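Student: Generate the whole structure from the sequences, applying the supplied hints.
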Amino acid sequence: MGEKSLPKEIEVDLPALDLEAAEATQEKEVKRKKSYKPRGIYIRRDIELEEYGYTPGCDGCEAAKLGLSHKQHSSACKQRIREAMLQTEEGRDKVERMERRAERFMVKLKEQQDEAEARKRKLSMDEPPEAKVPKGAEGALVEEVSGQEGIPDIEFIEKPPGTAADLLDDGMGEERGVEEQAQVMDISSLQLFSLSKHGLCHPCLRESSWLETQQMLSDDFIEQQQIKLQLGSLSLYDAYGVDQTGLNQRFADTWDNVQKLAEAKEHLAFCCELYRKQMSRKKYFLREHPFLATSWNEDPMKQLEELDTVYKVRGDMCQFGMQAEDEHGVGAVKKPSGFMTNSECIAEQLNVLCKNVNNELKDFQQATRSQLHQKLSGQPRDIVTIFYYKDDNSQWHRHVQLIGGKAKQAEIYPDGLLQRILKGLKQQMQKKSPLSSLEFGPVNEEPYFDQTVLDEEDWTTFIDEVSGKALETGKVRAARAEEIDYATRYNVWTLVPTQEAWDVTGAGPIGSRWIDINKGDVEHPNYRSRLVIQEVRHSGVEAIFAATPPLESIRVLLSLQRSGKQGYKVMFTDIRRAHWTAKIERTVYVRLPPEAAEEGYCGRLNKAMYGCRDAARQWEIEITDFFTSQGFTPGLGSPVLYFHSVRDIKISVHGDDITSLGRKDDLLWLKKQLLTRYEIKDGGMLGPDEGDVQDAMILNRLVHYGPHETTIEADPRHVQILVKELNLTESKSAPTAGVKRSEQKEEMLTPEESSRFRSLTMRGCYLALDRPDIAFACKELARAMAKPCRSDWNGLKRLVRYLHGAPRLIWKYPEQLAQEHFTMYTDSDDAGCSKTRKSTSCGALMHGSHLLKFYSSTQHVISLSSGESEFYAGVKAGSTLLGAMSMALDFGETKRGRLCFDATAAKAMLSRKGHGRAKHIDRSFLWLQQRVQNQELELNKVGTRKNIADLGTKHLDRLQVEALLQEMNLEYELNEHRMTLHV
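Heads up, the sequence shown is in full-length UniProt numbering, so the first residue is 1 and it goes up one at a time.
Keep in mind that the hints are not guaranteed to be accurate.
[Said to hold, decoys possible] Subject to a maximum C-alpha distance of 25 Å in a straight line, what follows is the list of computed SDA-like cross-link-like pairs (lysine to any residue):
hint, residue 1, residue 2
1, LYS779, GLU938
2, LYS672, PRO707
3, LYS519, ASN727
[Said to hold, decoys possible] Label-pair distances were calculated between CB atoms; the ranges are:
hint, residue 1, residue 2, range
4, LYS740, GLU679, 34 to 40 Å
5, THR858, GLN673, 44 to 50 Å
6, LYS724, GLU348, 29 to 35 Å
7, GLN303, GLU50, 50 to 56 Å
8, GLN430, GLU89, 32 to 38 Å
9, LYS664, LYS835, 26 to 32 Å
10, TYR766, LEU495, 47 to 53 Å
11, LEU817, ARG923, 38 to 44 Å
12, GLU96, GLU411, 19 to 25 Å
Hint data in this document are derived by calculation from the structure and do not stem from the laboratory.
This one's a predicted model, so the numbers in the text were calculated from it and none came from an experiment.
For each residue, glycine too, the CB sits at the ideal point set by N, CA and C.
Tutor: Below is the structure:
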């Protein structure tokens with residue numbers, strides 16, 4: 001690409017400069033969000049404490065030991081664990097990563113302080129005369145003109161708009177920690193083969209010699225690290241500089257030319273060999289060096305460049321936000337750099353040239369009269385003005401020359417460069433194997449990072465956010481147009497100039513993006529596009545609670561319909577754009593897509609847009625206001641459960657999905673009232689009469705109303721996805737979900753395999769909410785997510801083979817009389833884990849013959865006997881039972897609780913007062929004894945074979961599984977549900 005020429009005519013005026021406004025703008029630009037603070041040693045109960053033990057007297061350790069909520073660990077505890085971690089190679093690596101985070105944080109903090117000081121110095125200059133800014137100008141550059149006879153010379157004194165962070169306003173987002181962005185993409189390492197750069201650098205490479213670096217970067221080391229991208233930036237500028245006789249005289253004075261150049265060539269050849277090996281592993285490399293450096297002419301580099309899969313491009317560092325400071329202030333650094341890579345997407349991201357016009361008009365006399373129109377009266381001595389340069393809508397900026405010791409400022413890679421590298425790497429990974437935003441599954445802890453860096457929408461590519469499949473362009477555009485139309489009708493935002501966001505909040509508008517999904521399937525498409533604001537992960541906004549009803553609340557309504565409630569129906573209602581009906585109580589600005597706003601404008605929110613941190617809470621306030629105005633009472637245990645005592649209507653609100661139980665006339669009244677305030681999508685009434693629906697979908701679960709029973713089952717697409725992901729469509733099914741495995745030391749999974757294992761395991765755990773037959777197997781797989789090994793992967797495959805043979809498990813709610821009790825079955829498997837000797841608790845909540853809830857979990861406390869483990873299981877089951885009784889009260893129903901054991905010892909421990917002989921049991925577990933004494937719960941003994949909770953305590957054979965499922969009125973089904981969707 002050649003450089004662009006200046007248009008023939010440019011209109012220039014002598015505008016006024018409002019210095020006070022400029023100062024205010026500069027001060028606001030200095031105000032940034034709270035910087036990322038690196039955490040110290042991360043102490044987890046199942047990893048660090050399990051490996052290094054507990055610290056006496058530490059509140060955090062005591063809380064972890066008792067299974068209580070998290071508390072801060074003492075300094076002595078953190079120091080002890082740190083010293084213990086330094087004794088192992090893996091521990092040392094964790095400590096080193098922590099120290100590097102702290103080091104990078106301090107460097108970044110110092111840079112921000114220096115930048116603030118520089119801006120303060122610039123704003124202290126003399127006030128210029130007023131000028132007028134011409135309308136429609138693309139960008140401005142403040143200049144000082146020292147008058148002489150004729151046309152004056154020009155000296156630039158102000159950083160031009162469009163440089164630095166503004167140059168990155170192409171979807172790269174604000175500056176954030178680049179390592180956190182790499183972590184979220186599951187990039188194990190980004191290696192720098194450098195001795196002095198301060199970018200993403202392996203610690204062994206900072207102070208070591210080239211020989212030590214080569215020894216450290218062995219084939220075994222590279223293979224073990226599973227590096228997706230090798231980033232080579234040779235610190236050999238003196239040896240391979242642009243001008244070895246001029247600018248680099250210090251090389252001749254301080255280095256032995258022959259020896260150092262020979263070492264540089266040797267190290268360059270070594271790096272090129274690493275690049276080739278990286279390519280052979282089907283992974284990527286990237287090399288950066290000054291574009292005119294002579295190292296590009298060395299044979300190893302020439303041979304590498306000749307390969308068809310290798311690309312070499314030029315990128316100017318000013319386009320990535322590189323800056324330096326000279327006597328005129330902060331300016332952009334051009335620094336033409338060459339990049340060589342085998343990633344086409346990374347090459348495209350880095351092939352960005354400076355957009356300044358030819359010769360940059362530094363010499364005012366180079367401008368012709370057709371290019372510049374102005375008239376100066378007399379012969380002024382000092383003039384301050386603003387000139388506007390326009391080149392295909394690009395902004396002109398000043399370059400700082402790296403002379404006089406300023407090259408040191410350009411040694412650190414700008415965040416814009418690293419962000420483009422990460423963006424290109426993500427695009428390359430998606431191109432090689434399409435990834436969706438849910439590809440890697442949820443994790444327990446995520447570091448903060450700016451989501452807009454990786455998820456910035458390009459407004460042209462339409463991919464299903466859930467499945468990762470391509471979507472039909474016409475349908476997506478229609479869905480997006482419908483969303484914008486709804487936003488306009490609901491007055492979700494008011495269009496305002498983007499500058500208002502900076503003036504009011506001190507920051508730019510928050511990013512937004514499209515979420516495009518097909519809620520149906522290929523045969524029955526149901527496209528939905530939702531515009532969301534990306535505020536959820538932003539710092540500086542307090543955590544906001546919004547209630548969510550328990551999943552069993554839906555099952556309770558379906559069960560009550562079949563429990564003596566003659567003439568009652570279940571109505572399904574969906575509030576369209578629910579959050580857009582709720583007002584927002586704070587000032588929020590959002591960057592809107594081209595469909596909604598012109599350039600230079602953003603939206604000031606009037607309603608709680610999807611993605612706002614308080615959107616769910618504001619919707620809860622809105623819907624509660626509606627129901628209370630209609631005579632409903634919100635629940636005490638769950639405020640999103642409602643009961644109308646006069647009309648006997650029971651309601652569960654899950655997001656924008658409303659499930660109601662009542663008589664037909666009362667439900668029609670409720671529907672009429674909803675229509676006075678909201679737009680709704682009517683899902684019909686579930687019942688036997690004409691006009692009722694017999695099949696429905698709620699929370700992606702399939703419901704069927706039959707002549708004698710109601711059935712509910714999980715979304716069948718989860719099983720389809722698991723089978724497809726593991727390529728087991730033609731495999732033989734397994735008789736059970738799992739078998740007990742040995743605890744022998746085995747091969748660990750690679751980082752890529754571990755990520756995939758976690759994603760599929762969490763999908764299985766979500767499915768287990770509706771599949772009691774796989775609850776224990778999924779729980780055991782989830783325990784291995786931190787460090788999965790080969791046997792865990794085989795266990796996952798066995799689980800999926802079992803699901804392949806039994807894809808449907810339906811919950812049956814047959815007709816029954818009204819029930820007075822909730823019955824909770826509980827069981828445990830004493831010291832079932834041979835590694836930790838911890839026990840498993842299981843519970844099954846029944847309403848007559850209807851199963852409402854089933855869970856399987858590992859106990860936090862190691863029990864000393866089977867009776868004690870049954871006692872701990874009973875405490876958890878009692879808590880669940882009391883919660884169900886509270887939920888029934890929220891629905892206007894009074895239910896008694898019955899807790900069933902198959903262990904006499906646990907029943908006896910809960911029936912008495914105090915510890916008895918088990919004085920080591922913490923008193924926090926004794927609260928249930930008081931509830932039993934108050935006759936709030938009834939304790940019963942059942943036989944082992946009748947205790948359905950045994951299903952979730954260990955792996956059972958197929959006959960035992962089927963027998964227990966039959967006791968719970970669950971059965972396998974091979975035929976598909978009428979409303980089944982496919983991936």
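Student: For every hint, state whether the structure bears it out.
Tutor: Structure-based check of each hint:
no., hint, verdict
1, LYS779 x GLU938, "violated (29 Å)"
2, LYS672 x PRO707, "violated (29 Å)"
3, LYS519 x ASN727, "holds (24 Å)"
4, LYS740 x GLU679: 34 to 40 Å, "violated (54 Å)"
5, THR858 x GLN673: 44 to 50 Å, "holds (46 Å)"
6, LYS724 x GLU348: 29 to 35 Å, "holds (31 Å)"
7, GLN303 x GLU50: 50 to 56 Å, "holds (51 Å)"
8, GLN430 x GLU89: 32 to 38 Å, "holds (34 Å)"
9, LYS664 x LYS835: 26 to 32 Å, "violated (57 Å)"
10, TYR766 x LEU495: 47 to 53 Å, "violated (40 Å)"
11, LEU817 x ARG923: 38 to 44 Å, "holds (41 Å)"
12, GLU96 x GLU411: 19 to 25 Å, "holds (22 Å)"
Hints 1, 2, 4, 9, 10, counting from the list given before, are not met by this structure.
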